[in-house]
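Based on the sequences and whatever the hints tell you, model everything.
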Amino acid sequence: MPKYVIEREVPGAGNLSAEELKKISQTSNGVLQSMGPQIQWVHSYVTGDKIYCVYNAPNEEMVREHAKQGGFPANSVSEVKAIIDPVTAE
Numbered sequence: 002m003p004k005y006v007i008e009r010e011v012p013g014a015g016n017l018s019a020e021e022l023k024k025i026s027q028t029s030n031g032v033l034q035s036m037g038p039q040i041q042w043v044h045s046y047v048t049g050d051k052i053y054c055v056y057n058a059p060n061e062e063m064v065r066e067h068a069k070q071g072g073f074p075a076n077s078v079s080e081v082k083a084i085i086d087p088v089t090a091e
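When you read off a place in the sequence shown, starting at 1, and then add 1, the result is the number in this note's numbering.
Be a bit skeptical, because a hint or two may be false.
Stated by the list, open to error - The calculated EDC-like cross-link candidates involving lysine to aspartate or glutamate, where the alpha carbons are at most 20 Å apart (straight line), are:
1) Lys51 to Glu80
2) Lys51 to Glu20
3) Lys4 to Glu66
4) Lys4 to Asp86
What the hints assert, rightly or not - Label-pair distances were calculated between CB atoms; the ranges are:
5) Tyr53 to Ala19: 11 to 21 Å
6) Gly15 to Gly72: 16 to 26 Å
7) Asn76 to Lys4: 11 to 21 Å
8) Val88 to Asn16: 33 to 43 Å
9) Thr89 to Lys69: 29 to 39 Å
Just so you know, these hints were derived from the structure itself, not from any lab. As the structure is a computational prediction, the values presented were derived from the model and not from experiment. Glycine residues also receive a C-beta, built at the ideal position from the N, C-alpha and C atoms.
Pasting the structure below:
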C-alpha cells in the first residue's frame, strides 16, 4: 500500500500540551475508524509550527478526506517513493 507524508501547518504545534496532542490523536483515530481499514496512521513528528504525519493509504484523496473529516490542515501530501537509512549505503 502506498505511504504518504502529510505536512500540516499548525502554528505553535511544538507548544501543544500532552493533553492537546492526546485530543488531536483521539480525533484522528475516530475518523480513521469511521473510514475503515484502508487508511492507517503510522506516526507523526511535531515540530515548532508543523506536524508531519506518515500514513498508509490507497491514494492521496483518502488522505485528504481524513484531514477534511478531522478538521486538520493538509498543506502538502507527498507519496513516499523510497525509504532509505544507513543500511542503504551498505
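Cross-check of the supplied hints:
1. Lys51 to Glu80: holds (18 Å)
2. Lys51 to Glu20: Within the cut-off at roughly 18 Å; holds.
3. Lys4 to Glu66: holds (15 Å)
4. Lys4 to Asp86: holds (16 Å)
5. Tyr53 to Ala19: 11 to 21 Å: Hint holds: Cβ distance 19 Å, inside 11 to 21 Å.
6. Gly15 to Gly72: 16 to 26 Å: Holds - the Cβ-Cβ distance for Gly15 and Gly72, about 20 Å, lies within 16 to 26 Å.
7. Asn76 to Lys4: 11 to 21 Å: With Cβ atoms ~18 Å apart, the hint holds.
8. Val88 to Asn16: 33 to 43 Å: holds (35 Å)
9. Thr89 to Lys69: 29 to 39 Å: Given about 35 Å between the Cβ atoms, the range holds.
Checked against the numbered hints above, the structure breaks none of them.
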